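Trainee: If you want the building blocks of each chain, they are given just below.
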Amino acid sequence: MASPGALIDRALRPVHQWVWGDFDRRVRKLIAFGEVEGDGGRDILRAAELTPDPLLRRLYLAHAIDELHHADLFRQRSAALLRTRSTRSSGLFNATPLPGGHGLDDLTIEGEPDHRLLAFLHVAEKAAAGRFAIYREVVGDDPSTCAIFEEILRDEVFHMNYTYTQLARIAPATYRRHVWRARASRLWKRYLRVAAVIAAVSGTVMLTLQYFVLIPPFAWMAKRAARRERPGWIPIPADRIESPTSQY
Amino acid sequence: MNILGISAHYHDSAAALVVDGVPVCAVQEERLSRHKNDASFPAGAIEWCLSHAHLEPGDLDAVVFYERPMLKFERILTCALRAFPRSWRSFPQAIKNSLGEKVWARGIIASHLGVPREKILFTSHHASHAAAVLFTSPTQRAAILTADGVGEWATLTAGHGERRDDGRSAITLLREIRFPHSLGMLYSTFTAYLGFAVNEDEYKVMGLAAYGQPTMVEQVGKLIRRTSDGGFALSPEYFEYHTTAARSYSSKFVDLFGPPRSSFDPIDVETSEGRRFADCAASVQRVLEDTLVETTRALQRETGLRDLCLAGGVALNGVANARILTESGFERVFVPPAPGDAGCALGAALYADRIYFGHPDREVPDHPFWGPRLDPRELARAGREDGQIVDELVDADLFEHVASELAAGRIVGWMDGASEFGPRALGHRSLLAAPHSSDMRDRLNRDIKFREEFRPFAPVTTVEAAEQYFDLPPGGVRLARFMSGVFPVRPEWRSQLAAVTHVDGSARLQAVDRDMAPRLHALLEAYGRHTGIPVLLNTSFNIAGEPIVNRALEGYSTFRRCGIDLLVAGSTTVTKRPSARRVALEEEIACSQSAAVSGAV
Chain R
681 MASPGALIDR ALRPVHQWVW GDFDRRVRKL IAFGEVEGDG GRDILRAAEL TPDPLLRRLY
741 LAHAIDELHH ADLFRQRSAA LLRTRSTRSS GLFNATPLPG GHGLDDLTIE GEPDHRLLAF
801 LHVAEKAAAG RFAIYREVVG DDPSTCAIFE EILRDEVFHM NYTYTQLARI APATYRRHVW
861 RARASRLWKR YLRVAAVIAA VSGTVMLTLQ YFVLIPPFAW MAKRAARRER PGWIPIPADR
921 IESPTSQY
Chain W
157 MNILGISAHY HDSAAALVVD GVPVCAVQEE RLSRHKNDAS FPAGAIEWCL SHAHLEPGDL
217 DAVVFYERPM LKFERILTCA LRAFPRSWRS FPQAIKNSLG EKVWARGIIA SHLGVPREKI
277 LFTSHHASHA AAVLFTSPTQ RAAILTADGV GEWATLTAGH GERRDDGRSA ITLLREIRFP
337 HSLGMLYSTF TAYLGFAVNE DEYKVMGLAA YGQPTMVEQV GKLIRRTSDG GFALSPEYFE
397 YHTTAARSYS SKFVDLFGPP RSSFDPIDVE TSEGRRFADC AASVQRVLED TLVETTRALQ
457 RETGLRDLCL AGGVALNGVA NARILTESGF ERVFVPPAPG DAGCALGAAL YADRIYFGHP
517 DREVPDHPFW GPRLDPRELA RAGREDGQIV DELVDADLFE HVASELAAGR IVGWMDGASE
577 FGPRALGHRS LLAAPHSSDM RDRLNRDIKF REEFRPFAPV TTVEAAEQYF DLPPGGVRLA
637 RFMSGVFPVR PEWRSQLAAV THVDGSARLQ AVDRDMAPRL HALLEAYGRH TGIPVLLNTS
697 FNIAGEPIVN RALEGYSTFR RCGIDLLVAG STTVTKRPSA RRVALEEEIA CSQSAAVSGA
757 V
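Protein chains in written order, with our numbering: chain R, 681 to 928; chain W, 157 to 757.
These aren't lab readings, by the way, just hints derived from the structure by calculation. Computed from a prediction, not measured in an experiment: that's the story for all the values here. We treat Cβ as the ideally placed atom computed from N, Cα and C, and that holds for glycine.
Facing chain W, according to a computed beta carbon distance under 8 Å, are these residues of chain R, among others:
| hint | residue |
| --- | --- |
| 1 | R722 |
| 2 | P734 |
| 3 | R737 |
| 4 | S758 |
| 5 | G883 |
| 6 | L887 |
| 7 | P896 |
| 8 | K903 |
| 9 | A906 |
| 10 | P911 |
| 11 | W913 |
| 12 | P915 |
| 13 | T925 |
| 14 | S926 |
| 15 | Y928 |
Sequences and hints are given; from them, build the entire structure.
Mentor: Written as structure tokens, this is what we have:
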């Protein structure tokens with residue numbers, strides 16, 4: 681049975697179609713994927729360096745190499761697309777508010793036990809595999825990008841499988857609970873992400889209003905003061921007091 | 157007295173600990189967090205410094221932040237006001253950044269460490285730079301020049317410092333150039349224009365410059381003019397870094413120099429476009445050098461001193477440093493191993509000790525190895541578990557073995573003792589290779605570093621052999637101690653040192669002193685016995701986009717992912733076993749098959 685996340689992704693298919701249908705958005709999406717996969721690869725690499733389990737170290741390492749390879753594929757493809765024509769400079773929908781990505785960028789590695797990491801990776805890889813399958817369909821008009829998703833999907837299957845098998849190996853009695861906990865944690869992080877975006881937008885609106893309402897007289901004074909400044913060296917007075925406790 | 161220095165919130169955050177006037181450790185946060193150029197509060201670095209010295213936060217007598225955050229906020233706010241209404245987009249972001257974290261340095265430090273607020277002190281940014289170089293260099297009196305992008309307001313300061321025989325110390329900064337007029341920002345603007353990452357890839361501009369001709373000096377001259385007092389001023393209409401965080405250069409800049417390079421386009425200096433970019437790099441490099449040489453020459457005449465202490469991010473420009481040494485009139489030029497903002501953590505702690513508390517001057521060990529020490533047992537364990545070839549060798553055998561491997565064209569990951577503080581790998585976390593053939597340079601770029609072809613690799617040799625292979629001016633060996641100068645390779649050796657000789661015949665040399673890095677020195681001598689040339693290629697032990705490795709296991713994971721042939725950590729060596737990767741893959745495949753069969757997913 682499909683997970684709720686997969687159902688949401690399927691329902692959002694027209695949005696995905698809209699995102700990937702535009703050249704500029706497609707390029708930005710690929711660039712963002714390159715960064716996310718690269719970050720995820722480095723996180724998993726860190727896990728390989730920290731785990732005391734030799735088999736997990738080898739598997740994490742192979743996984744990290746795959747992720748870093750995916751990052752290269754995305755970067756190369758976006759560069760190739762960029763070379764075909766220049767993009768517009770619009771910053772709208774610059775990848776982050778749109779569906780997509782592994783979400784591994786907010787993964788904590790240091791001090792995390794392997795079972796938690798494996799559960800997180802399993803859930804994230806499964807979600808990514810579902811999403812990449814949709815992306816593969818919506819970029820059907822672009823065989824090179826489609827081939828990248830094809831290759832990545834093959835790797836994702838391996839990643840989902842090994843994370844689950846290894847989780848069952850190291851936590852045989854509790855592995856299902858860990859997976860559910862990882863799903864809940866992922867949902868919570870999504871909520872936090874949305875909340876952070878809303879807070880950031882509200883903050884920007886408030887500050888922009890203040891900028892135009894409160895700032896003008898101070899701006900006038902600052903510009904006036906700037907005109908009096910002499911370029912070049914400014915002597916530092918010998919008696920300037922450098923207070924150890926002052927932040928000014 | 158225990159003093160902790162902290163730099164944070166801009167780029168390259170770090171912590172350093174000074175105990176009774178002597179540094180005991182210092183490390184950049186990125187080496188521990190594994191996030192390159194990590195600018196976050198250096199909680200990991202602080203924790204490591206305290207545990208290294210067996211201290212608790214309560215044992216600290218002072219915690220010194222490397223700049224004055226409210227003064228910096230004043231500058232950000234003032235620039236936004238001056239740029240009204242063009243700054244409307246960047247204003248909310250700038251305010252959120254500052255008020256979200258950066259101005260609350262005292263509170264953040266107090267809450268992280270639980271120390272009383274009165275123990276938290278501040279220095280000015282450029283005073284931290286000045287202290288980082290003056291108090292760690294073997295000089296009694298020196299002129300001081302600090303230059304970077306920007307601190308609070310200052311972007312460049314000139315002055316002098318003294319470590320008196322009676323133990324008292326003084327740093328006197330006489331004058332400063334203020335933001336937005338900044339040599340560092342000028343160079344960074346070209347870094348952005350050439351499609352590289354600002355605050356990270358400036359050295360790529362320096363490398364690219366060697367491929368070009370300074371044909372655009374006149375155009376660059378429109379961006380920066382000398383003032384009658386010997387200073388300089390930038391023409392603000394060509395820049396946008398002081399009004400927005402989105403772009404460094406204006407459309408007028410683009411009109412002057414042509415379309416900027418996309419970071420996704422490769423640079424091919426054989427094409428006219430590639431040559432234009434190389435000429436741009438050469439031109440800004442020339443203007444930077446000329447400005448610095450004239451400024452330091454004036455400072456030498458004014459102070460009459462023989463030594464110059466140079467710090468700030470601009471001091472990472474080895475080509476400019478070498479010209480300052482030969483043309484400014486100073487006999488010795490000192491650049492610390494961490495001249496950038498990370499080094500300010502150490503500088504702030506030393507400034508507080510010598511100046512605020514007035515403690516007597518203490519001799520500081522003249523080396524860069526202040527970071528975490530290596531545990532070779534980690535490497536041996538991981539290598540054996542993964543079925544690699546692991547050996548333990550006594551030093552004499554190790555040096556001979558590694559030298560013969562290097563002579564046979566192998567690439568060696570070399571880890572030894574404590575890691576370096578600063579951006580350079582100076583022989584404790586290095587990749588070493590034979591320097592003779594340009595094929596080696598191409599192989600390193602292709603299989604290990606995954607980086608642009610135009611970037612040169614650096615040579616390392618012994619102090620004793622340096623002058624035989626490199627054309628060093630008086631004082632050059634000192635500048636080469638921490639790889640801070642670029643010097644010509646002697647013409648008769650260029651063909652035999654092709655992998656480390658840049659296109660213009662120069663090299664960013666490290667001259668190794670036996671006392672500073674005895675094992676690397678011994679390896680160089682052993683390599684000299686094998687090949688007749690005691691010179692090796694030395695590049696940082698990392699892959700593009702990652703920080704330099706710190707622990708043995710980080711070296712090991714890098715070794716497993718790229719074309720390094722031999723890994724050395726202390727006396728432990730690991731050689732890749734060709735079948736090891738296959739064995740691991742078989743295990744992985746078995747795992748995935750068993751999962752698929754069980755229908756677990």
